[in-house]
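**Q** Residues per chain, in single letters:
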Amino acid sequence: MTFTKYQCWKTERIGRVVAKAALDIDRTTFLATHVPMRDIVYEKSPLEIQNTSEQNLLAELERMAQEDMHVFTVVKGIPGTGKSHLIRWLFERYKQNHRQDRVLLIERANASLRKTIQQIIDSGVFQSSKLNEQLNQLRNASNILSSEGLADTLLNNLQVATSEVTWHEKLHHRIVPEKISVFLLDQTVRDHFKQADGPIERVVKYLQEGRGIRNDEIPGFKPEDLIFDPQQRGKIRQEGYRNVQEVADDISRDNSKQREQLTRYLNFLLTHYAISRTTNLTAADLREMFNDLRQHLRQQGQSLALFIEDITAFTGIDAGLIDVLITQHTGGDNQAFCRLTSVIGITDAYYSDNIPDNVRERITHQLTLSAQTRLGESDMLRDERTLIEFAARYLNAIRLDANTLEEWEKRGALENSLPNACLSCQYRDTCHSAFGSADIVDDANHSNQVGLYPFNETALVRMYRNLDDKFSRTPRSLLDNILSYILQSHGEKVAAGRFPPPSQNLAPAVNIQEFEPTAHGRIVEQEGGQDADRLKTLLLYWGNRSVYQKNETVGGLSPKVYEAFSLPKISGRSDKPAPINTTVVIPDQNNVPHSTSVDSQTSNETTSLKPPVQSPSVEIKSHSDYLDDISRWASEGYLPSQVANLLLQWLAELFRTGIDWESYGVSPNSFPIPSQASRYFAIEGQSARIEQNRLVFNRSSSLRYALEAIANLNDREIELNSSQYGEHLVAIESWLQQEEKRIVDFIRLRAKVDVPDNLLGQLLIQNAVLLTCLSGDLKANLSIENLYQQVISSSHGTSDVQESKWQKIISDNNLPISWQQLVKDLLRNRAAPMMLQATLEHFNAPQGDSREVLFLHASSVFRSLVEFENRKWELLELPENLDKELGHQEWDNAIFINRKLKGKNGFNKVIEDVYAELQKHFQRLKEFVGDHELKPLFNIIDDLLRNINNIHAIDPSLAYELKRLDADSLDHLLKMSEQALTYQSLNEQAQFISKGYREIVIPLRKYADYFERFTTEMRKVQSALQANRASLVETEKAEELIKTTTEIYDSTLMELDLSSQKDDTDAS
Amino acid sequence: MLPDVVRETQVELDKYEVALTQQNQIQHIQDTLSELIAIQKQCSRVIVAYDLLKPHLGSVEQEAIFNSIEGIHSRLNNSRTDFIDGTYRQAQMLGNIKHSVNSLHSNMEKLWMLYVQDKIRPFDELTRIAKTLPQMRQYTSQLDTLITELNITAKSLPNIRIWGDFHAKLNQVASLLKDIEGLSREKRDFLNIVLSGQASLHHITPEILEWCAEVGLSNSLILRFRNDT
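Chains as they are written, first to last, in my numbering: chain A, 1 to 1068; chain B, 1 to 229.
Read the hints as simulated data drawn from the structure, not as lab findings.
Quick reminder that beta carbons are idealized off the backbone N, C-alpha and C, glycines included.
It is possible that some hints are incorrect.
Said to hold, decoys possible - To give an idea of the interface, some chain A residues facing chain B are shown, with a C-beta separation under 10 Å as derived from the structure: (1) Ile941; (2) Ile948; (3) Met1018; (4) Lys1037; (5) Leu1058.
Unchecked claim - Under the rule of at most 20 Å between Cα atoms (straight-line distance), these lysine to aspartate or glutamate pairs were calculated in the EDC-like manner: (6) Lys205(A) to Asp191(A); (7) Lys1020(A) to Asp943(A); (8) Lys98(B) to Glu1047(A); (9) Lys194(A) to Glu209(A); (10) Lys1043(A) to Asp31(B); (11) Lys15(B) to Glu1017(A); (12) Lys1006(A) to Asp966(A); (13) Lys995(A) to Asp913(A); (14) Lys741(A) to Asp660(A); (15) Lys779(A) to Glu1047(A); (16) Lys741(A) to Glu785(A); (17) Lys54(B) to Asp249(A); (18) Lys935(A) to Asp971(A); (19) Lys222(A) to Glu239(A); (20) Lys98(B) to Asp943(A); (21) Lys15(B) to Asp333(A); (22) Lys1020(A) to Asp4(B); (23) Lys926(A) to Asp4(B); (24) Lys222(A) to Asp254(A); (25) Lys15(B) to Asp31(B); (26) Lys98(B) to Asp1050(A); (27) Lys1037(A) to Glu35(B); (28) Lys41(B) to Asp1057(A); (29) Lys98(B) to Asp1057(A); (30) Lys975(A) to Glu1017(A); (31) Lys41(B) to Asp191(A); (32) Lys170(A) to Glu260(A); (33) Lys935(A) to Asp189(B); (34) Lys1020(A) to Glu35(B); (35) Lys1037(A) to Asp51(B); (36) Lys410(A) to Glu933(A); (37) Lys119(B) to Asp82(B); (38) Lys995(A) to Asp777(A); (39) Lys1043(A) to Asp82(B); (40) Lys1043(A) to Asp85(B).
Build the full structure now, drawing on both the sequences and the hints.
**A** Next comes the structure, spelled out in structure tokens:
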């Protein structure tokens, strides 16, 4: 029977075995797949630990227990490093040895705070009549977490927290706790937070269902949660308090720093108060509850051991839990407590953010599973033997059915008797010899070989090492992104003869590999026929990324491997000592596996700077087959496209490795991969049509020699002697030197640019001049030298400083809208500041290796300035082929800015607007003052205001503002304006507006506005005086009054005139 | 042009100032007028009262009142002159004149009060005695009313009507007490002692006893024994 298209596993077992967290899987599978950790890093321990295996860690816990010592062990590690596995394994073993004690495992998988509390309840530790109260408290917390009103309760407690909780950061005055307290009461705000996938809804789900826990994500507020759309803000404005509206407006702005700060603040309140308050499980409650439990257990003669997979399962009450775990059973009142042994898993981030110094001091054992690398890699799988064993155990468990494993567990789950599916497989020998196997028993006297099929060692290691940077290199990642993904997605293709799939479909998390040499890909394509893609995948991941033939193997793979996947075995190329992997063409180090054992068959292919060693067993060619093609091309100008493509691939590899890209400020990553070279480059005379935007290498003798050299160097069948070798290097070097600048520029531009040498310089300088002008730094009537100094001075400063300067211009409402808008446009993607920085760098005269701008090539700058000046600052017309973005920042920014400056709303529009404004205000002022002497005019205005003030109330600011204006200044402004209005050329006008707008136009406007306001006010005063006058009593009425008064005088006097009355009486 | 604006505003300002001054003058005249009217009313009342009381005043009082009125007249005349001249000092003078008129008015009230008291006082004892006499009991209430009204009349300066009313009521009282007006001093003293509750046997002289029998008082007088111990 032939070992081909054989699937030795059932697909449904994959999901059961490869669960994403240790505690998702059943105990049997857990024990069957557990790989011992052999080298755990201790960051802290009471005594020196010699043996750092997990076995010894268990022994250490036992020792501490025997000596009746408190244990608080912290297992750190980035997510997926195996903390859960380790803790669960410790729990299983510890439990076996401490049956008399209370040993509790708090699972994390799928856990929510509600389920975590439920786990404690279900564990029965509080199941005692003396602990009824505590049990009820836990039940109550669990009920609250299940309640429908949890969201509102949380929000209410969040609002209470603003007044109860002191935060270490000083809050911005716009989001002080008093304002946030009201903010959290607003119905629109609450609805927003409670909406589907809103922060409160996420927290509620996390507490109730544990959603998001697989990503080790602690839920809470995110800055984007605090953005309110205009409709919501409108609603808040209509219905809410003023403070709420202000807060909502403020945090919804772009780049709002307050939003970030409020996010941190709300999260702090949430995790340090609101959740514990909601569950009625504060730190004090939890401590008291566990203290009671420990007292009770002590009385029962028991100890307590807590194995907590992840502290984040306690989010919200975690601080209280830690308080419990650090409480010892010695000294003072604590003597009444039982001994506590705890092992908790925490992520590195949690450790650094949430474990205060005083707690760290009380940790007895601190371990880490990701000490060796700072960036997302677990220590465990750095060891390839462990990696292979790890994968083998899972593959074995997947192959076995559940019953077999359960039987094994029932028999005691002994390591040495772990069932092995391979033992009963008819293809065992063939399979193991083709795909390899791993011994999963950690015992020198015993062996249990498990096959790696359908993977092999190379595939597993290469895929793991080449996981994309977006994914951490952890056991979980190996399981999820490689084993589980490939078996689930492609496993059934084995039987259909379609495994492995094309490399781009294999596993999205794994970076695509390339052949080495790249030409071997072409060979596979030529020889592989319809299976070429699958063959490529096989060779690139399972094989040694080549088609070298050695003994029976091709690409390092035996014929059985090809047969197993129903793939044709290609003839390959005979294996021989490496051709020239020189300083010019160096294989990408990133693509070379770390392990020597994996690629041992092709280890001689790796970098060698030595001339090739003769191999007598291989037929020697004197030159490459392609030399004839090259020679024909040199004489006739025709190159077959296949040859051209191959040559271009080699050239691309040469460019990638032979040019110091970083010295040009270009990331090597931006260089296209060689297999795509023909999309970027072309050789003059190649038979395939040369598309636009290709960099064409012209037919020349130097290119011919270079191509011949590169063809020979890449042909492994050719043996070169030292002198030939040297000649080839010189030929390549010589051509590359000629073309390097063009290649670099092209890669920067990603397009062919046929432009004058100094075009970029000119573009940068003219842009810089106009930007300096727009920044308001430019003085009028400058000499070229002064212009140079001012432009350079204005361009100086980091892009941040520049950006801040430009932001001020945008927010300067004194400027015309077109000016602000243009600057805003120029700031898009930080184009303006980056272009100014690029301008200095462009003209930089570097000192040694330093890229700091200390000296400039002044003559180049001057040339560009003079040229610009001669054009009277008319902006350059760019060549047509530069009318779109080119993919290179320096050019693109320069072109972008040029385009913006030249655009309909560009620099000319700004000048037009400024001049229109100047003209307008100048005219207004002329109308106001005519030919009058200004000083007397100011005096009579002053007098008038004073006179009015005695009689009629007017706005006091009118007189106050007048004090800030003066005739001499206005006179000066008018003269300057008059002069500026005579400027006809663009450069004169541009130089005027730079400072002139602020120094002349704005003050001019101020005077005109004042006079206009004065005139309006005076008209009002006149009307008011007229109206008041009309309301006064008429003169006629006064005369009548005088007459009446006089009559009353007379009659009264007559009455009082007793003498005359007496006389009259006497007379009568 | 700004200079035009300034000039036009200044013109309006000047016009307004003139109008404002006129308005102040009118206000001044109005103040004078209202003050003057008040003085006139007060003076009229005083002069009427003076005319009525004058025949009953002593020469000293007459002269004092006369001089006061003369002084007021003189000063009011000066005020009038100021007013006519348009110097506008009259208001301040009117204030002083008003003060003097008030003072004169007050003095006249006191003199009138004295006159009223003089007129009423003789009827006080008679009214009291009348209340002890059985034949006068039916008039007691009427007497009280009249005496009260007379006292009220005394509170404001008299004019012709008040003067007439006062004397008419005084005549009514006199008419009611006419019967007992002729009682001898001895009999009046006896009745006063009886009213005060101090009368004893020795106050009952044979003449008194006879008079009591005559006027029907014998049955009204009750003898009581007082235990001094």
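**Q** Taking only the CA atoms, is the gap from Lys935(A) to Asp189(B) under or equal to 20 Å?
**A** 106 Å, violated
**Q** Sort out whether Asp85(B) lies within 20 Å of Lys1043(A), counting only the CA atoms.
**A** This hinted pair holds, its Cα atoms lying about 13 Å apart.
**Q** Hey, Lys41(B) versus Asp1057(A), does the alpha-carbon distance stay inside 20 Å?
**A** 15 Å, holds
**Q** Check whether the Cα positions of Lys1020(A) and Asp4(B) lie no farther apart than 20 Å.
**A** 15 Å, holds
**Q** Double-check Met1018(A) for me: the hint is only fine if its C-beta lies closer than 10 Å to a C-beta in chain B.
**A** 5 Å, holds
**Q** Do the alpha carbons of Lys41(B) and Asp191(A) lie within 20 Å of each other, as the hint requires?
**A** 80 Å, violated
**Q** Going straight from one Cα to the other, do Lys98(B) and Asp1050(A) come out at no more than 20 Å?
**A** Holds, at roughly 16 Å.
**Q** Would the hint linking Lys170(A) and Glu260(A) be met if the CA-CA limit is 20 Å?
**A** 13 Å, holds
**Q** Can the restraint linking Lys926(A) and Asp4(B) be considered satisfied, given a maximum Cα separation of 20 Å?
**A** 14 Å, holds
**Q** Can the restraint linking Lys1043(A) and Asp31(B) be considered satisfied, given a maximum Cα separation of 20 Å?
**A** The hint holds at about 14 Å.
**Q** Straight-line Cα separation of Lys1043(A) and Asp82(B) no greater than 20 Å?
**A** 14 Å, holds
**Q** Just to be careful, I want the Cα atoms of Lys410(A) and Glu933(A) compared with a cutoff of 20 Å; is the pair within it?
**A** 113 Å, violated
In terms of the numbered hints stated before, the structure departs from hints 15, 16, 17, 19, 20, 21, 25, 30, 31, 33, 34, 35, 36 and 37, listed from lowest to highest.
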